[in-house]
Structures are given as C-alpha cells and as structure tokens.
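From first to last, the protein sequence lines stand for chains A and B. Taking the numbering used here, the leading residue of the first sequence gets 1, the next gets one more, and so forth. Taking the numbering used here, the leading residue of the second sequence gets 1001, the next gets one more, and so forth.
Since the hints were made in silico from the structure, they are not lab data. One or more hints might be untrue.
[Stated by the list, open to error] Straight line, CA to CA, 30 Å or less: simulated DSBU-like cross-link-like pairs of lysine-lysine:
| id | chain 1 | residue 1 | chain 2 | residue 2 |
| --- | --- | --- | --- | --- |
| 1 | B | K1183 | B | K1061 |
| 2 | B | K1061 | A | K191 |
| 3 | B | K1121 | B | K1186 |
| 4 | A | K541 | A | K276 |
| 5 | B | K1065 | B | K1183 |
| 6 | A | K191 | B | K1065 |
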Amino acid sequence: MASILVQFLNGLAAASTLFLIATGLSLIFGVTRIVNFAHGSLYMLGIYVAYSAVNAFQPAGPLGFWGGMLVAALAVGALGALIEILILRRIYQAPELFQLLATFALVLIIKDFALWVWGAEDLLGPRAVGLDGAVSIAGRRFPEYDLFLIAVGPLVLGLLWLLLHRTRWGTLVRAATQDREMVGALGVNQKLLFTSVFALGAFLAGLGGALEVPREPAQLFLDLSAISDAFVIVVVGGMGSIPGAFLAALIIGEVKAFCIGIGNVEILGVVVSFSKLTLVIEFVVMAVVLVVRPWGLLGRPQAIQRAAPSHIEPPLRPASRGLVAGAVVLGVALLALPAYGTAYNVVLMIDILVFALFAASLHFLMGPAGMVSFGHAAYFGLGAYGAGLLLLRAGFPMEAALVAAPFVAALGAALFGWFCVRLSGVYLAMLTLAFAQIGWSIVFQWDSFTGGSNGMVGIWPAAWLSAKPTYYVLTLLLCAAGLLAMRRIVYAPFGYALRAGRDSPLRCDAIGIDLQRIQWAAFTLAGAFAGLAGAIYAFSKGSVSPEVMAISRSVDGLVMVLLGGVQTLSGPAVGAAAFTWLQDTIARNTEYWQSLLGLTILVIVLAFPRGIVGFLAWRFGRAEEIE
Amino acid sequence: MTADAPILELSGVHAYYGRAHILSDVSFTVRRGEVAVLLGRNGAGKTTTLKTIIGLVPAVKGEIKFSGQRIDGLPPYRIAASGLGYVPEDRRIFTDLTVAENLDVGRQPPREGVPSWTLEKLFALFPNLAEMRNRPGGRTSGGEQQMLTIARTLMGNPSCILLDEPSEGLAPVIVDQMAVAIKELKAEGLSVLLSEQNLHFATAVADRAYIIEKGHIRFGGTIAELSANEEVRNAYLAV
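Modelling step: build the complete structure from the supplied sequences, incorporating the hints.
Below, the structure is given as structure tokens:
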C-alpha cells in the first residue's frame, strides 16, 4: 500500500515536468500553427544551462541556486524569442513541411552546440538547496524536492489560466489561436504576439529542464526523448488545450511511474519487465485515446485554417520518350559500373541506391499520398532488423530473409499506419515521429533480442552474393524494380484515388472512395519499400544498429526528398544521390556533420520559403498570390 | 478640411486570387462623413475590394489612400490601427471568447477628431449585446453576431469602417435595426463603405453608390442618380 502511494507521488512529480514541456508546445502551436520540433531541445538546453548557472551561482547560497534556475529558464525563453525573430517569422507563409524541417534543423544545431559546449559526458547537478532532505510518507522516505515539483505543475497551470483569461494579452492569444488573420485586421501587431508566445513556450520548456537538474543528469539524448513524450501528451490531451496537456501529463506520468514501480513480474511463467515497457505503454495509452477520441481527451477537431497557404500540386505527367531513353542509358551505365569504377565507387553506389529507394518510398507517402511522415526510418529499420533477426535468430537462409524482411516492415507500417491515417497534417507528422521513437527505443533497450545499443553483427549475404560487385548488381536490380513499381502505382487507378484524396478529401468521400483504407494501403506499401531498402542495407553492411531507425535517418530522408523536389517523381532519387555523396564527402572531415546539415536545411528553407519549385515558379512565372 | 474631402480613395487598383484576375482598374472615392455603397451581384468583386483595402489581399497595381496617406502594401494591422475598421462578411467572431472578450480584442486607443467608443456606448447602440456580455461568442444568433462584429470593429475607434454585406442572411426586422445603426454611425461622424446586394437596404442608408461587375466599376453617382437610372440598375443589379 505504502509503495503504491510512493509510486503515485513519483508519477505526479514526473507529470509536472511533462506538463511544462507539453503546454509550451501546445501554446506555440495554437497561435503560430508551427509544431516546434526543437521544443525538446529547449528543454535539454534548460538542463544544461541550469547545470552551469547553478554551479556558478551556488557559492551565493540558496539565492544563487534558485536564481540560477530562473536565469536558465529566462535564457532559454530569450533564445526562443531570438529563434522566432530570426527564423520562424520568415517562414509563417511557407509550406508546413518547410516549417517542420526548419525546427528540425534547430534540433540538429542545438544538439551539436550542447556537445560542443558541455561535451558528451552526463552531467549531474547539485541537490536542491533547502530541499535536499526527505520526508517520511507512510513509512517510506520521499524526497522533499519531488514534493516541490508536484506543486509546480498545478501552480503553473493556475498561473497560465490567469494569464490567458485575466489579461488582454491572454485574450489576444486565445483570439489568435482561433483566427489570427482577423486579429490582425482588428489592428493587433501579431509579430509581438507571436514572439511573446514563442518566448513563453520556450521559457516553460527551459523551466521544465532547469527543475530537473537536481533529479536527472544532463544528457544529449534528452531532446528527442522529451519531444516524443511531449508529442504523445499533446496528442492524448488534445492539441491546443492546456488543461488537456495537464490531464495527459498526469496520466502518462502515472502510467510510467507504475511501470517502473512494478519492475519484473512473472506472468504465466514468462518474466515481463515492466520498467522497460515505459515507452511502449505510452504508445498503448495514446492508441486507446486516439481510437476513442481522435482529437485527444480535451481537444476539438482541427478547424480548417483560414490563412493556410493553398498549394495546388501540378498534375503529374508520364515520362517522355527522352526521359525513358535517358533512364535506360543510365541503367546500363550503372549496371556496368563494377567494370570501370573503383571498389569504393561500388560501395558508395550501393548506399546511394539504397537511399534512393528509401527516399522514393517516403516521397510516395508525402507526394502522391499527401501524408508527411517524420518517422519513416522506422520501416527502414524494421526491414534491416527484420533481415538480421530472421537470419540470425530464426535461422532463415539469407535469400529468404531478404524476401521476408519487407513484409516485417509492412506489418509494422500496417500497425502504425492504422492510427496514422486517422490523422492528417501536423498531427500525422507528430504521430509518425512518436512511433519511430518508440520503435527505436524498443530495439535500443531489448538487449537479449536485438542486441540493444550494440546491434547485431554477422548479417552477411549468401556465398554466391558475397562479392561486392555481385551484391551491387542485385541492389541495382531490386532498387530499380522498387522505383519502377512505385511509379507504376502512382499512375494506376489506386494512385489516382490517392492523389484525389490528397487534393480534396471531402470530394473523394463524396464519390465513394474509402480514403482511410486507401491511405492505409499506401502507408503499408511505402513501409514495405522502405523495409526492402533497409534489408538490402543490412546485408551490405553486415550489421545493424539502432541508428538505422534513429530520427536522424528519418530527417535524412526528408532532406533528400526536399533537395530533389516534392513535385517530381524522379526527384527523390536525385536528392538521395546528391545527399549521400555530400555526406560521404563532408562527414569524413568534421565531427559536427549534424549541425552542418541543420544549417543547410535552414538556408534552403530561408532562401526558398516557397519551396525550390515554388521559388522557380515565383521567379519565372507570373506573380502568384499566396493567401 | 471640407466636408466632402475624400477619406478613402482607390485609383487603378488591380488584385488577384492566385492567377485569377479579380479586380481590374478599380477607382472610386468615399467622402468624409458619407455612407457609400458598393453594389454588385455575387462574385462581382465586392468582398475582394474590401479585403484589398484592408490589406488581406494585396493590391498588385494601383494606389489606395486613406486620410491622404498611401496604405496599399501595408500589413492589415497597420491599416486597421490607422483608423480604418473592417467588418468581414462572414463575421469571424471568436467563438471561444465571450462577447466582452471579443470586444476587448478590437480595443484601440482613442483617436483625435474621431468618436470614441466605450462598452456602455456600444451597448446603447446594440442593446442586445449588453445582456450577453459573458456568453461565448459561438453561442449567439446570426443577428447578434452581426451586431457583435460591428461593435468589435468600433472598439478600435475608427474614422471609417468597411462593412461587408451587413444585411446578408438576417431576418427583415434585424435588417431594419442594422439600417438604424448605420445611420447612427453616420450621425456620429463616421464614414462608411458598405458592400451590398440588397438595393432596397442600400437605398435606405447610403448617400453614394458604385456598381461593380466582373471586377470593373460600371457606375458611380449619388443614390438619387442611381434611383433615376433604371437602365444601369437593370443591366448590373437585376437578377
């Protein structure tokens, strides 16, 4: 009984931090309509800055300690304002995907910045001055500091409520959440409003981080784990609802605390480790909520945004004779590569082909199907791990493992996709990211089955394929087949239905197309092709590690598609080739490849806020008005 | 400043939606203290004209002057804050905010030489609103929302307001109240530009009329001149 009470209190303490992160994310989205993927990074930065500030001010006594925390939160808030002014303000009119990518670029940059300033070691801050003791609760010791944290959540909720309902600023924020264009037409300068909301959201994330200093060491992976927690909470609670975020934070905090508290339990002779299930249990909660209430516990269906830029996708045209002839020539030249290229060329080309297939499968989802996925690496990874596990654990022959692995990925895509196709736009992007993060943490934590953080080695192709040139030819044939198959599907009636659904879900419904089912099929198909790419990749490297399904791989895919252009079918392959070659050339020369990539994304997004193709149309076509 | 000095002047304005050319060479004037009406059928360009004036649709060519200053190219909030009020056709009430909060969003500092509005004064003009000040905006009737959206714009103490089809979809008794309200605004010294399809309503409240058709201004003159000109009415307004 006493242990249940202590678990309950632990859950409440965790919920406070989760609420601080999620509520800022929700506020920012409500007003600016931007999903700030860098929100977890601001939280992480809060921990690091507070660690430094508290250590620097500690000699000044309790005031130094608590003042240091406040300074850290304020600094993160100021950084938020700066980010809004320098970057986001320029891209409010840009396509949604560009906004998401820009904040993603910030994730990469902030991570490398933290690595550069604080190093890769975990940093544990000092204990809270004045609250470093423990109290006795039902015979158990419970930290005073955690009691303090429990009080912080409701306190912040109350203050936010007062701010939003008792001040003119709050009235304006709530009005802008509903119809920001009208707020502007009534004479309100939205720039100030947006900057202040972003600063407040960043401050709350920074505060959430600073308050963790006495409990948790500063670590570099906290950004992504925090953002996926925050996404789950916002989806569960309802986007834009602050009480919803509070409720969801309580539920997730409690569920996780009890999972950790239960520990290992023997069920029907099998030992189940509940403490390792924390991320999966989050997923289960979210799945249940999405089935019962697709807009979250206290959320409302997303209204059609008034000021949303309307992008009309140009119709796709079948390949011209010239293009077909070019593709044949290219195919022959590639097939003959082992005859004239170096061994290194062949290895690099295998990578390029694999990523061309991966990027094309993501493009299939984003372009024709209109579903932006931020977690496509999950299916690449499932293919790679599927191949490895079938070969090493199930004893499949290599050929059978290679054939079966895409089905493993398709199964995963079918499972996740069932939830995903119920959402659209940013909700969908968040959900795909959360699923990918869950998949990653499963392979990362399940040492006995997937090899944990070390991954698995010895995943080599069969003897007759072991020579690199031979394996290269197989790769070329499989990837070309995959690319052609996807192209064929886009021009089939199924592809027409998909594109119709992307352009107008309502009219699609009205003519009797079951859009959700079609999108689900497309999601599964895209997952299968990504899985094929992953399986080929695993056998070409001889090993798999959790990195194959990490978020950075998903971002790589997005950048490839973006580089090539979302509006073209051959774009992803070109983008993948350019990206892989660049990465190979640059990454060998710097430790900070990630932030370089982030900067590149930012430049692309800021220089071409309408997209590269949109930029060309704007520059060389007639002045097109984007309302 | 003379009484019939222009407060709002459009000259040679062109506007687009995407590639569709909506307004071509639109020129007209609203004089200080008068009620001008922009008449035309559905899709003629009335709403686009008002949206272009307030800056929600960019004027690609031409000039728009308000109180003698160029306003084309400015962001909507700057135009609104300079004393030009905008009341949208679809009302755009903040449904989650109470009636009083909706009014608070529109609040701007008082302006010299322009009537200043307080909640009490607005509630005198629109008595229905007073009883529901704490009700969410989404839980009011169409007529009440039309009153609220005008009151919300008046909270900005404008010297001129743009009213987009204020009589649309309202019960006849509410339309009559609306006409009374517009005349009271004129009596307060406000200039008004309204767009209308309802010729009867327009004749009751306006001093001057312009007719727009397919994005072109086809007629400009006083209401009396329009009433006398049956040919123009039949060509551009008859259904």
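Results for each hint:
no., hint, result
1, B/K1183 to B/K1061, "violated, 34 Å"
2, B/K1061 to A/K191, "holds, 26 Å"
3, B/K1121 to B/K1186, "holds, 15 Å"
4, A/K541 to A/K276, "holds, 29 Å"
5, B/K1065 to B/K1183, "holds, 24 Å"
6, A/K191 to B/K1065, "holds, 24 Å"
Hint violations for this structure: number 1 only, all remaining hints satisfied.
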